[in-house]
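Asks: The chain contents come next:
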Amino acid sequence: MSYVDAGYIVAIGGSFLYGLSLFLRRRRWERALSVQESTPDERPAVAECP
Amino acid sequence: MSTSMSTSDGALRTPWRPRWLAVVGIGAVVTAALTVWLGLWVTPPDEVQGNLARLLYIHPAVATVALYWAGGVALLGSLLYLWPRTRSFFWDRLAAAAVEVGAVFSALTLVTGSLWGRPVWGVWWTWDARLTSTALLLLLELGYLALRRVPADAHIRAKRCAVAAILIAIDVPIVHFSVDWWNTLHQSGTVLDPGFNLHVHGSMLWTMLLSFLAFTLIFVWLLAMRYRIEVLQDAVGDQELEVSLSERWNEDAELVGVGGGSGAPGGDEGGGS
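First to last, the protein sequences are chains W and U. 1 is the number of the first residue of the first sequence in this note's numbering; add one for each residue after it. 1 is the number of the first residue of the second sequence in this note's numbering; add one for each residue after it.
Extracted from the complex, chain W is given alone in its bound form (with noise of 0.2 Å):
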């Protein structure tokens, strides 16, 4: 690999993966504060411990 194709690999690469990274905060934290604003019954079942 060259320093040019390293270089556009870095430069498009890190920009996508850091796009794909806030994607993926903002669906957490939509998740994370769908789940705060249920109510108690709107809450996904979760499994008890035996």
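One or more hints might be untrue.
Said to hold, decoys possible - Selected chain W positions facing chain U (in silico; Cβ < 7 Å):
1. Y3
2. A6
3. G7
4. R25
5. A32
6. Q36
Treat the hints as calculated values from the structure; they're not laboratory data. Don't be surprised by glycine CBs; every beta carbon is placed ideally from N, CA and C.
Given the coordinates of chain W, work out where chain U should sit on it, guided by the hints.
Replies: For chain U alone, coordinates are given in the frame of chain W:
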């Protein structure tokens, strides 16, 4: 003490998919793909640098985002938050989002610059004024992000961060003019010289302008996504605080009930907290 960040929680529950953001995202992908195609396959090699000049279709655009777009938005948001008439958490969140995106692009600037510097200068790194001031910019941005994680009242945190963002902005003109103020290994303006004369022409110029557009669109998309996360974080934080307070009040009420009003400890604290 009020820590409410005044987020419209009802609107937050609905999925956030604005059409303009999709347009920006598609535009960013298309222009970035065109930049790669033109930069790697269509434009001719440079007379002096050969194929290494192809890195100049990427590095200056990334640096522009890190310095001017991210630094500018962070400064604008911080000043508008500090100004009492325009004080709003919108500006604080926008500045925070811009600093994080700016930190990522500052790191990319240093890495892509280093990848160009190794074959052209013969070193990965040198304590040149441009490189050092850019590294300082990254450190200041990381400091801002660390400061933002220090627990504090929302307004106090926003004020501290706004001052930190102004410190970051002070470094931006230092980075820009470093090649003129000091004798540096780094070249002066890549596209324009101080007299605004073009250094680049033809397909090389168009490819470079396209890369500026591509990374600007990428920046807008990332900024919007990061801003949305900041809003969600504040909303979750607000709700956690409300739950904690209501639990505390319930505990106090129970203690008062058990104590029969005979001066149970904590009864007064609950109202004051």
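Asks: All hints are to be evaluated individually against the structure, with a verdict given for each.
Replies: Tested hints:
1. Y3: With a closest approach of 5 Å, the W/Y3 hint holds.
2. A6: Check passed: Cβ of W/A6 comes within 5 Å of chain U, closer than 7 Å.
3. G7: holds (4 Å)
4. R25: Where the cut-off is 7 Å and the nearest Cβ of chain U is about 5 Å from W/R25, the hint holds.
5. A32: holds (5 Å)
6. Q36: Hint on W/Q36: holds, closest Cβ of chain U at ~5 Å, below 7 Å.
Checked against the numbered hints given earlier, the structure satisfies every one of them.
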